[in-house]
Amino acid sequence: MEIAKKFKNTFSTVPMLSWLLGTLTAVAIEYFWGYDYISYYLGLSKIPVLFGALIMLKEPMMIPGAIGYDLIVYVIPILLIAKTTAFFTNPVAAILEKMPLWFSVILHLLLFYYTLHLWAGINDYRNIIVRLTLISIILTISINVINGYQGEFSCSHPGFMAIGAYVSSALTLFLFANDKMFGTALLPQELGPWGFPFILIAGGIAASLGSLLVAIPSFKTRGDYLAIISLAFMFIVKSAVENLNVIGGARGMGGQPEYAPLPIIFIWTIICIWVIHNFVTSIMGKALNAVRDDEAASESMTVKTRKTKMTAFMFGAFWAGIAGGLFAHVIAYINPGMFSINRLAEILAMVYFGGLNSIVGSIVGAVSINILGEALRPLELFKWIIIPLILIFVMIFRPYGLISFKEINAKRLLRSKHKREQGV
Amino acid sequence: MEALIELVQYILQNVINALQRGSFYAVISIGYSMVYGVLMLFNFAHGDIFMVGTYIGFGIATLFLALFAGFLPGPLIFLATVIVTMFLASWVGVFVEVAGYRPLRSAPRASAAITGLMIGIIFETGILILLGAKRLSFPPLMESVSYKVWGIYLTNVKVIIIIISLLLMLALHTFIQKTKWGMAMRAMSYDFLAVPLMGVSINVIAPLTFAVGAGLAAVAGILYGQAYPILDPYMGVIIGWKAFVAAILGGRGSIKGAALAGYLLGFIEIFVATIFPSTLRDLIAYSIILLILTYRPRGFFGMEHSTKLRL
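Here the protein sequences come in this chain order: A and B.
The end of the first sequence is residue 424 by the numbering used here, with every number in the run present.
The end of the second sequence is residue 735 by the numbering used here, with every number in the run present.
What the hints contain is simulated information worked out from the structure, not anything from laboratory work.
It cannot be assumed that every hint is accurate.
Simulated coverage check for chain B against chain A, where a stretch passes if three residues somewhere in it have a Cβ under 8 Å from a Cβ of chain A [to be verified]:
hint, stretch
1, 612-623
2, 668-678
3, 716-723
Partial pick of chain B residues on the chain A-facing surface, computed with a CB cut under 8 Å [said to hold, decoys possible]:
hint, residue
4, Val-518
5, Val-522
6, Gly-524
7, Pro-527
8, Pro-532
9, Ser-535
10, Ala-537
11, Met-566
12, Val-569
13, Ser-702
14, Asp-706
Derived pair list, reagent style DSS-like, types lysine-lysine, alpha-carbon separation capped at 25 Å [unchecked claim]:
hint, chain 1, residue 1, chain 2, residue 2
15, B, Lys-680, A, Lys-220
16, A, Lys-406, A, Lys-383
17, A, Lys-383, B, Lys-558
The beta carbon of each residue, even a glycine, is placed where N, CA and C say it ideally should be.
Turn these sequences into a full structure, and let the hints guide you.
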């Protein structure tokens with residue numbers, strides 16, 4: 001306890017900028033020397049992809065090597081650089097504080113993205129994990145709008161995702177790709193990446209139109225009945241896609257072009273976080289909370305409950321559709337079976353693990369469930385006992401999720417930490 | 425005239441099939457409804473309790489057939505299997521209540537739903553680890569004999585499934601209406617705040633409800649094993665969700681409604697599959713449910729008061 005307190009005191013003056021610099025250094029060390037020197041001398045055959053978790057579980061003899069690798073590459077450089085650079089990053093952060101917030105945020109995000117890019121660039125496995133995790137973040141935040149801020153128990157998210165995925169894949173295949181299903185491309189293929197955002201948005205709009213099927217019954221009912229309506233919606237979408245042979249039916253639809261590399265997905269994720277953060281902190285967001293807490297009272301306080309519910313559903317579904325479109329273009333193959341009960345259980349696990357009514361919580365939930373799922377992969381079936389057990393314990397001890405009812409405060413996060421404590 | 429008779433025979437044939445399928449849904453959805461009546465939340469692990477019950481039934485049936493096959497009559501073995509399986513499976517229900525739902529009594533209902541889902545996943549994976557991925561086949565507890573009555577094919581298995589399901593529901597009705605425990609359960613579903621003050625503990629009634637529901641599900645599992653003998657750890661997922669839909673359709677907490685809606689779901693599925701291509705079955709079945717719930721949000725026999733989903 002004493003050590004933890006001391007540790008916290010030592011690093012309380014380190015601003016975010018320093019942490020980012022430290023992480024960048026760690027990733028750079030791995031990038032330049034990780035394979036040739038560090039993993040070679042530690043007796044590892046290759047760079048541990050997920051902080052050595054996979055190696056540790058597969059070959060217990062490698063545990064010291066993997067832990068040593070983590071210490072040398074990540075822990076020591078991050079702590080060292082973070083502490084030593086604090087002397088100049090604090091003034092820089094103080095200068096940035098006086099500038100507009102967006103400038104500072106973009107600067108930090110660029111630094112963060114560069115780090116992520118280097119880290120994910122080491123091999124393709126990391127790259128795909130990072131991309132799927134970012135998509136999960138979009139999904140989790142979007143379901144949080146409905147299940148957390150609006151307080152429904154909606155099970156239709158895989159359906160929205162499927163609509164987005166199918167509409168956007170059909171559009172890209174139809175417009176920009178030569179394939180068996182839709183014949184030759186209508187437009188030159190060079191335009192593809194430029195048209196992709198519009199295609200994604202079209203997928204999102206299709207999903208949000210589909211969500212009206214759930215939103216309109218929600219005027220009259222909520223709770224369990226809405227859960228069933230949304231579940232029925234999910235099954236209807238899946239079943240309808242299975243019966244539409246134009247888009248591949250149960251065989252699925254493949255061959256989507258590679259339009260979703262890491263930077264594109266990262267930008268979409270950031271836009272999603274920004275837009276949804278603004279949405280839930282706006283008057284409309286407060287109206288969502290009011291409807292959740294007491295529908296009759298909020299109606300009498302001039303909140304238009306119908307409009308609020310409809311907006312929440314359409315907005316959440318829009319982002320689910322975008323996530324679905326990105327997902328389809330990452331995997332380059334979709335079939336209706338992907339958007340069923342299993343996906344629903346995964347999405348619900350992410351949002352309830354992370355925390356309701358909180359964007360930070362959603363990010364934490366999505367990242368931890370994804371990383372846990374990958375890191376425990378060597379355990380095979382036992383993975384599906386450990387993850388549910390963790391979730392049960394989270395539910396028992398923190399019924400609203402790990403980090404619930406908290407908002408991002410970018411200003412507070414990025415501020416200079418110089419001599420903050422001595423003042424009082 | 426000939427064509428008309430053939431049509432009637434065809435319809436009756438499908439009615440028998442629908443009654444058989446609906447029996448499973450009805451018996452399982454009663455389990456959802458009972459738990460809802462007492463705890464005001466749905467036991468999302470119920471589909472997997474059904475699955476575990478089927479596996480227990482499989483084990484007991486295999487054991488009893490190996491032990492007594494020669495010198496006890498078949499119906500007695502069947503009865504013994506049903507009783508022992510019911511007893512064992514009800515402990516699974518008690519376990520789910522004590523481990524998954526009791527710690528979350530005061531937590532939001534959505535959290536309890538997540539715990540239920542996760543316990544279901546643990547059951548599926550546990551069975552998969554214990555028994556491996558190979559598909560087991562349920563031993564037949566009675567010889568299948570088929571009759572042809574007035575142009576309709578009947579097997580004794582189908583008839584027994586329908587009769588036993590009806591008997592089970594009758595027994596449950598008697599249990600709930602006539603016994604003291606049943607009265608306590610009814611009282612708890614009427615007012616779960618006042619009844620504990622009258623000396624009826626929720627920590628007794630809730631496990632009892634789970635146990636009864638699990639016992640029913642296990643019998644449904646044995647019957648299911650007689651009709652469709654292939655066992656699979658994920659068999660509870662689809663049937664469980666469909667029975668859940670039936671429980672909602674019947675009106676939450678209403679046992680009568682759940683049974684009726686279970687049969688209705690069976691009818692919808694079978695008749696949609698006979699009229700339209702069978703790939704459209706889920707699409708049309710769920711569209712009908714969506715329509716019914718849009719116009720009658722509280723189901724057939726639902727309670728009047730609307731409970732708000734506490735976040």
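Hint-by-hint comparison with the structure:
Counting residues of the stretch 612-623 of chain B whose beta carbon lies closer than 8 Å to any beta carbon of chain A gives 0, which falls below the threshold of three, so the coverage claim is violated. A count of 5 residues in the stretch 668-678 of chain B with a Cβ less than 8 Å from any Cβ of chain A is obtained; the coverage claim is therefore met, three being the minimum. Counting residues of the stretch 716-723 of chain B whose C-beta lies closer than 8 Å to any C-beta of chain A gives 5; at least three are required, and the coverage claim holds. About 17 Å separates the beta-carbon of B:Val-518 from the nearest beta-carbon of chain A, more than 8 Å, and the hint is not met.
Taking 8 Å as the C-beta contact cut-off toward chain A, the hint placing B:Val-522 at the interface is violated, the least distance being around 12 Å. Hint on B:Gly-524 holds. Least Cβ distance to chain A is approximately 7 Å, under the 8 Å limit. Look at B:Pro-527: its Cβ gets to within about 5 Å of chain A, closer than 8 Å, so that hint holds up. The restraint placing B:Pro-532 at the interface with chain A holds, with a minimum CB-CB distance near 6 Å, inside the 8 Å limit.
Proximity of B:Ser-535 to chain A holds as hinted, the smallest CB-CB distance being about 4 Å (cut-off 8 Å). The beta carbon of B:Ala-537 comes within 7 Å of a beta carbon in chain A, closer than 8 Å, and the hint placing it at the interface holds. Nearest Cβ of chain A to the Cβ of B:Met-566: about 33 Å, over the 8 Å cut. The hint is violated. For B:Val-569, the shortest C-beta to C-beta distance to chain A is roughly 37 Å, which exceeds 8 Å, and the interface hint is violated.
Annotation: interface hint on B:Ser-702 violated; nearest CB of chain A at approximately 11 Å, more than 8 Å. With 8 Å as the threshold, the beta carbon of B:Asp-706 comes within range of chain A, its nearest partner Cβ sitting at about 4 Å, so the hint holds. Proximity of B:Lys-680 to A:Lys-220 is assessed by CA-CA distance (about 24 Å); at most 25 Å being required, the pair is judged to hold. For the hint linking A:Lys-406 to A:Lys-383, the alpha-carbon distance of about 30 Å lies beyond 25 Å, and the restraint is violated.
For the hint linking A:Lys-383 to B:Lys-558, the alpha-carbon distance of about 20 Å falls within 25 Å, and the restraint holds.
In this structure, the earlier hints numbered 1, 4, 5, 11, 12, 13, 16 are contradicted, and the remaining ones agree with it.
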